[in-house]
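These protein sequences, in sequence, are chains A, B and C.
Residue 263 in this note's numbering is what sits at position 263 of the first sequence, and the numbering runs on without skipping anything.
Residue 1358 in this note's numbering is what sits at position 358 of the second sequence, and the numbering runs on without skipping anything.
Residue 2032 in this note's numbering is what sits at position 32 of the third sequence, and the numbering runs on without skipping anything.
Treat the hints as calculated values from the structure; they're not laboratory data.
Hints are not guaranteed to be accurate.
[Said to hold, decoys possible] Below, simulated DSS-like cross-link-like pairs (lysine-lysine); rule was C-alpha separation at most 30 Å, straight line:
1. B/K1115 - C/K2019
2. A/K40 - B/K1061
3. A/K234 - C/K2071
4. B/K1429 - A/K2
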Amino acid sequence: MKEFTYLTPATVEEAVSLYGQHSETAKYMAGGTDVIVKLKDGWMEPDYLISLKKIEELSELRKNEATGDLTIGATVTHAVLEKSIMIQKEYPIIYDAVSNIGSLQVRNVGTIGGNLINAVPSADGAIPMIALDGVALIQGPSGERSVAVKDLFIEPYKTVLKPGEILKKITIPAQAPRTGSAYIKFGRRAAMELPLIGIGVLLSLKEDLQTCAKARIVLGVAGPTPMRAYEAEKLLAGQRITEDILRQAGETAADESKVRDSVRGSAWHRKEMIRVQVRRMGLKCMDIIKNNR
Amino acid sequence: MILKELNVVGKRIPKLDAAKKAMGRAEYIQDIKLPGMVYGKILYSRYAHANIVKIDTSRAKALPGVLCVLTGEDVPKKMRMGFYKDNPPLKKGKVCSFRDEVAAVAAISNEIAKKALDMIEIQYEELPGIFDPEKAMEPDSPLVHDYHKTNVLNLPWKLHYGDVEKAEKESAFVVEERFTTQWVSHCCLGTSGAIALFDSSNNLTIYTNTQIPSLAQKDFLESLKAMGLENKRARVIKPIIGGGFGSKLDTYAYEHIAILLAHACRRPVKILFDRAEEFKAVSTRQPTIIYIKQGCDKNGKLTFRDMRMVLDNGAYTSWGATTPSVMMMPITSLYRVENVRYEAKCVYTNNTYSQAMRGYGNPQATFAIESTIDMLAEKAGIDRVEMRRINRNQPGDLTPQGFKISSCGLSECIDAVEKEMDIKGPREKGVGFGIASLIHVGGGARIYKSDGCGAILKMDDYGKVDIFTGGTDMGQGLDNITAQIVAEELGLLVEDINVVHSDTDVCPWDVGAHASRSTFVAGNAALGAAKKVKAVILEEAAKTFGVPPDQIVMKARNIFVPGDAEKTMPIDKLLRKVHFSPQGKMLMADYFYDPDNENMGKDMKGNMSVTYAFGAHGVKVKVDEETGKVEVLDYVAAHDVGRAINPLLLEGQVYGGVVMGLGYALTEEVVTRDGKNMNPNFRDYKLFTAKDAVRIKAPVVETYDEYGPFGAKGIGEPGCVPTAPAVANAIYDAVGVRITTLPITPEKVLAALKEKKKRPLN
Amino acid sequence: MTTKISFILNGDRISYEIKDHWTLLHLLREEMGLIGTKEGCGNGECGACTVIVDKLAVNSCLYLAVDADGKTIDTIEGLASTDGTLHPLQQSFVDNGGIQCGFCSPGMIMSSKALLDENPNATEDEVKHALAGNICRCTGYVQILESVEAAKRHMSGGGQS
């Protein structure tokens, strides 16, 4: 690795200010599991690495019991999310996604914010946040702004963040009652996978526990950035959820997707998996809603 | 067979160096630093096939910290690796694969060496590449090596016993199929590396992870000779090896380059691979294209086996091109089949090249053979397990290739599988069972002029033994086996035995740790030396006790006459008595054991091994018909091992072999695009993780081989030999699709299932 | 460029002047001569470099040395007692065939320790999940899982198996 100077600001303001001083010669780092790989490969050669690890406000994980909002600080590690009983019980889609990112060693250090900023097509971290209608709070030289997580990604490895901006936290609005969510990452082996395809589904039901009030279907590795299958979601909204309609939603989602061939697998197989897994995750959501009654 | 219980042999004794490894004190090549040592790095080709128009190393040479820069121009003409002698350690004039070494740097740090590589300017003129071995055989294909005149290597892999055409005509049922197997990597956790240094008289010492210390020594001496250094010494020292699996059965460019660099800059030079390099520049398992026909009579007795193979030889030649010589073993001798024909062509391409990997061709050939046995059984309407019983090998058989089957537990292994797994029983939807057998060499393998191993044993005044063996431990347990055999013979405990196997200056010759031969050959060598020493000890004890030697027993560090309380003495006391007397003796002995096996003759006939190992594997799978994903629910691997010298370590070899075989069957492949390795990392090269771990039962059948040390045969490789066909057969049993190409990915299974749905049932 | 850090390593207080771009792996192996922690891939994909930082298993190849400041770090060298007695995990790996070539072993043992220290009654699935990031090519994991299971029983007061 090329040598650099490591800076450890205590607040976001300080971090942004340091970036202002050094501009393109500086890069932010949260956990480091993505950044250090890039440094080793020579993808980036900053003179200054601005660590976000010491900034306390970025590491909070808090559910506001009054409003139902969930705040996930950008430097919360995947492992903290994985081990949180609250996340496991109330946000199973987050648990499903983060508990299989890399290995435990990576999850102990890697952060949810870092995962989002890295903007890889697989985006295990992004999919649940999109499905939950998460909003990213960003702070930079020009102040604060909010961006829906679904609008965060421009192309692989590129987000809407401008130079100097820091992703501070993701806010998940209160979930509707009777909501179930699930995520699956499909690959050739049981762990350590960059997936062939990632599928997240969230269903909220009306009081009759049959009709869909809200549907979110989010796909990873189905296009250059994580994407919502809007047509498939529209198919489900207001309908009675049955295995058959979930199957149709899977077909629609597969048709909407922009899958490609890659080293990890073919477009054809990815489409098949979208068909199958949208249905299966939809059924899992229904089970979760039933069991929570 | 129930064998008599022994004192040390047969016990579950932990690996002798396990504590050191558990404490982080074991020194691998990664950990060795020598005074004055500098670092070497290799520059690889940027094209699969190109002329080297110009190399300019001046900028690299001028970088402060760089001691020397070498290219193909600096390699002596006669310095060639591999048995086919087509592979210079640095390429000159032309590159034939992405893996070609074009330059090397020695510098005072790795960082400077890497920087220097980037400063070497090379002008290439790209040439059309050929990446398909069958296409490479066509007359209008580009030639990989112009001087060779053809892409097909001149090798003798051809045999025909009996009359295959006649047998085919007379068969009641015949199946025919095409199979392919892929490149896989050994993925040793410890990457490759070597440290080379010269003394003031130009004698070489080289630290290297090698499985062939003696043959490597020969290779290095030939290199020294080519460099103009005749009659020098070459000392090969093995550090603790972080995995072998056959990857270190040939010498590599990085070793010869380290030698060249060390000689050029007069400093010890260390070359260490990073993981990407390990994937790209370590030779793989030999990929195959297999055409097979098998037939049987109406009762299921095999009538003939006809096989033809095309092997992608890559750009240069290593042991991959000799895998047919081992593939002949299952082809001619797995099950009784009288009429056998086989031909293999090895073809140059601009891909990577292959060498030895656990099983050495047996897994590839057995995949085709055992898959088609199931197909044949189905066609003939015979149960698959019974089909195997009908055709099983038996003790005393002489196979068409001239293998003398002495001990043979194939029948018992098939029984053991059925006992543990209800293969013929009912199964739920999507669940299937598969079975496959194996034959492998169990008593050495005469692939060289000698199949021998030497051992030198010395005892000290304290009843401790040092045994210097030509064998190699790479984690499989050669050290334990040696120590247990010697301790058993001399009535000592394992902790009394120090096994030294690391240094050619000290250790005798051995052809190499391959062919699962360590227990049998190195074991017999150690046993032979121990027996010699024992004879002398018993003679001396006879004088002391006043009874004939055959009445004296050595056990638990004591030497005594059973039943006579007076006639007993600690062994070490006797040794001192013998030493500290007029014309005293110290107990030392040497033994060179070369098994009574045969090289293959011109017709490929010959009893390659003194004895053969057999086995049968059973696997239960569940196939998700919507995704194509195959889950292994249960696995039984039964092996005929003669006698288990150390059941704990034996199980380790079986479990490790099976999981390696499952990776081969289901998840592993080197993905290439026009000769380029597209997944040189652990993220995209799919090894099994702990989460993929499978429950494996490993019943052991002990048939007591009369030639093996304490009756033992080899076990290092059999675990990964029948795994792929067992899985393929289980998938067919589960969902009725037969996958004939490895690895059996979910995508292939799903595609086959969809194809099957389209066609009407026949 | 250089930073003075202070941390606890295997129970000892250490001060060290490090270069900011060093990984923890580089500090341990190349600067401090602690060769027990291994580099298997350099990219956080094999776990051979696993050490424990503030009770969490991390890949030291992807952890900056500068971040070790103020932390408590455990490496394989610190497991055995000063009188040479192996930690129950080390002893169990030795006794149950959990070690063949041994290159993955330090990382595997440290991952196991981090798990059992946090979750002494980890189920087999939990053990597999925790060790999923430690690749072994020799053992097929069977005897590794048996070693962890045996150590688990011993460490939770099970005594002899």
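Evaluation of the provided hints:
| no. | hint | result |
| --- | --- | --- |
| 1 | B/K1115 - C/K2019 | holds (20 Å) |
| 2 | A/K40 - B/K1061 | holds (24 Å) |
| 3 | A/K234 - C/K2071 | violated (51 Å) |
| 4 | B/K1429 - A/K2 | violated (57 Å) |
Violated hints, listed in ascending order, are 3, 4; each of the other numbered hints is respected by the structure.
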